[in-house]
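J.: Sequence:
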Amino acid sequence: MAISIKERLTKILIEGELLTEEKLEEALRFQKEKGGRLSQILIERGYVGEKDLLAALSQGLNIPAVNLAKLKVDSSVVKMVPKEIARHYHIIPISKIGNTLTVAMADPLNIFAMDDIKAITGMEIGPIIATQKDIAQAIDQYYGESAYSALESIIKDIKETKLELVEEAKEEGLDSSQLMRLIQETPVVKITDIFLAQAVQRRASDLLIEPLENRLRIRYRIDGILQEFEAPPKSMHNAIISRLKVMAHLDIAQRRLPQDGRFKIKIAGEKEVDFRLSILPSSFGEKAALRILDKSQLTLDIEKLGFEPKPLADLKRCVSKPYGMILICGPTGSGKTTTLYSLLKFVDSLEKNIVTVEDPVEYQLDGINQVSAHPDIGLAFANALRSILRQDPNIIMIGEIRDFETVDIAIKSALTGHLVLSTLHTTDAAGSIIRLINMGVEPFLMTSSILMVAAQRLIRKICIHCKEVYVPPDALKGELLLAIKDKDERERVGFYRGKRCSECLNTGYAGRVGLIEVLVLTPDIKDLIIQRAPEAKIKELARKNGMTTLRENGVQKVIRGITTIDEILRVTASDQPLLGSDNIKKGA
559 MAISIKERLT KILIEGELLT EEKLEEALRF QKEKGGRLSQ ILIERGYVGE KDLLAALSQG
619 LNIPAVNLAK LKVDSSVVKM VPKEIARHYH IIPISKIGNT LTVAMADPLN IFAMDDIKAI
679 TGMEIGPIIA TQKDIAQAID QYYGESAYSA LESIIKDIKE TKLELVEEAK EEGLDSSQLM
739 RLIQETPVVK ITDIFLAQAV QRRASDLLIE PLENRLRIRY RIDGILQEFE APPKSMHNAI
799 ISRLKVMAHL DIAQRRLPQD GRFKIKIAGE KEVDFRLSIL PSSFGEKAAL RILDKSQLTL
859 DIEKLGFEPK PLADLKRCVS KPYGMILICG PTGSGKTTTL YSLLKFVDSL EKNIVTVEDP
919 VEYQLDGINQ VSAHPDIGLA FANALRSILR QDPNIIMIGE IRDFETVDIA IKSALTGHLV
979 LSTLHTTDAA GSIIRLINMG VEPFLMTSSI LMVAAQRLIR KICIHCKEVY VPPDALKGEL
1039 LLAIKDKDER ERVGFYRGKR CSECLNTGYA GRVGLIEVLV LTPDIKDLII QRAPEAKIKE
1099 LARKNGMTTL RENGVQKVIR GITTIDEILR VTASDQPLLG SDNIKKGA
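Going by this note's numbering, the sequence shown opens with residue 559, and the numbers climb by one from there.
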């Protein structure tokens, strides 16, 4: 009876003393429960080295192995297979003889890969084996573009990208039409437009144009992480910055002071996207930072932000009350404003007068009165709030609480029958209470006005196109598993990650989802606030009352395969130092 390839491979590994029977049984058990390739499981669990496995595969399948680092591949051969296919299947074509294309593969048993490559090239495929790491490096080496060739590609694609500047009302006397015509005659306009269009197409939230000593750097913030892309020569830097200044109606002659502005573009004559521009003088020239506000990507349904059921129910209950104060806290870029907008849409009705004051207004909401703060002319949050209170509002949203004067008026508004929503820059919910006390707010005023405080973060979701099961190192998953109280559930948890593909720009992630911890001010929490208790005690009591922390909410996302353990550990802080020893034992 013929032996299977798997049996042949494991026999070679065991006879060569590269793998023990016990470890093989463990790997096979894991494969049966979680799925995945046996070879990848053996490597990830540290049972077999990648090079040892490569040699065993070569011997067991009678397929030669190759060290790609020592090969020089003809670029014409590489171009026969598209980069997206090479990355998706982890392959690299290395030679062509007659009608046979030799392809280095991490998995030479992948029939689908060979069928696709055969269909694309029309040639017979001869597989050889290489490590996945070597193939990834070869793909980067042979499919990578230089800055010059990327720039040529951008200029070539210009004709297919249609951007139209949407003119907004200007102050009397400001006429830049002549200067605009002059700049639009240059190729710089087309290159700048491509950067803006690509930022929108890649769902970036920010675009950074940074002059370094010898080069220009272009970075997009995609799903909260900065990624560098091909840039034009540094000689084009000043022209690109001037183009952006003209679009935002800024002073192109001023290069020594920071400037802020905004503009709107229409892509392909349809979708309008707002850009907020900040210019900052640096050592090697002016740096431009653009915040991209694409309304088509905005989700204002509180049900679709990805919050867990318990905190979501607390949010809905508190925002449905007639008066009081709700605070959403977290660092910049954590989705606080989107959550506030979603809460406003949740409670919006014809019977309610809703007014917001923001700096600046990020998105225009239909049916809601929005005021843009202008501190430079005396219209700060506090001054705007005084005027808003004379407008008979039911619900007030304050973009951000920055000082005692603003929080004082906000709390008094909550005490006089208004529902007030705002944001605060703190790391967690309990920390917001201490921050307000440090700002000078009396504890008895907080307990009388604040309904709840929530802390929020955004985490990246695993790309659905390249999602796979894997086994993280014990050191990586140990701390996270402490948050799962049930021992049986802890052992059943499977871990997933993205293998990286063209769909997710080779990051393994695509899109983001929200995490939130909601601290409701119950009577016993209020007692602690009156006593000016430390943050740790407030958080500990809140957890006993049922509050789930950011880390615990993140664990649920890992269990359901929405995100990775690495992402949760990157974004959330450990709860362990705030737990009592009894709780640690229960969770260990």
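Check before you lean on any hint, since a few could be wrong.
Claimed, not checked - What follows is a list of derived Cβ distance ranges for each label pair:
#1 G656 x R587: 25 to 35 Å
#2 D961 x K641: 30 to 40 Å
#3 D1032 x H932: 26 to 36 Å
To be verified - No farther apart than 25 Å at their CA atoms in a straight line, the calculated lysine to aspartate or glutamate pairs in the DMTMM-like style are these:
#4 K569 x E608
#5 K628 x E584
#6 K910 x D924
Rather than coming from a laboratory, the hints here were simulated on the basis of the structure.
Yeah, the Cβ is synthetic: ideal placement off N, Cα and C, and Gly gets one too.
J.: Does each hint hold? Answer for all of them.
T.: Checked hints:
1. G656 x R587: 25 to 35 Å: violated (46 Å)
2. D961 x K641: 30 to 40 Å: Check failed, 52 Å falls outside 30 to 40 Å.
3. D1032 x H932: 26 to 36 Å: 55 Å Cβ-Cβ, so the 26 to 36 Å window is violated.
4. K569 x E608: Given pair K569, E608 holds - Cα atoms ~17 Å apart, limit 25 Å.
5. K628 x E584: With a Cα-Cα distance of about 36 Å, the restraint between K628 and E584 is violated, given a limit of 25 Å.
6. K910 x D924: Answer holds: K910 to D924 is near 14 Å, not above 25 Å.
The structure is inconsistent with the numbered hints 1, 2, 3, 5, although it conforms to all the rest.
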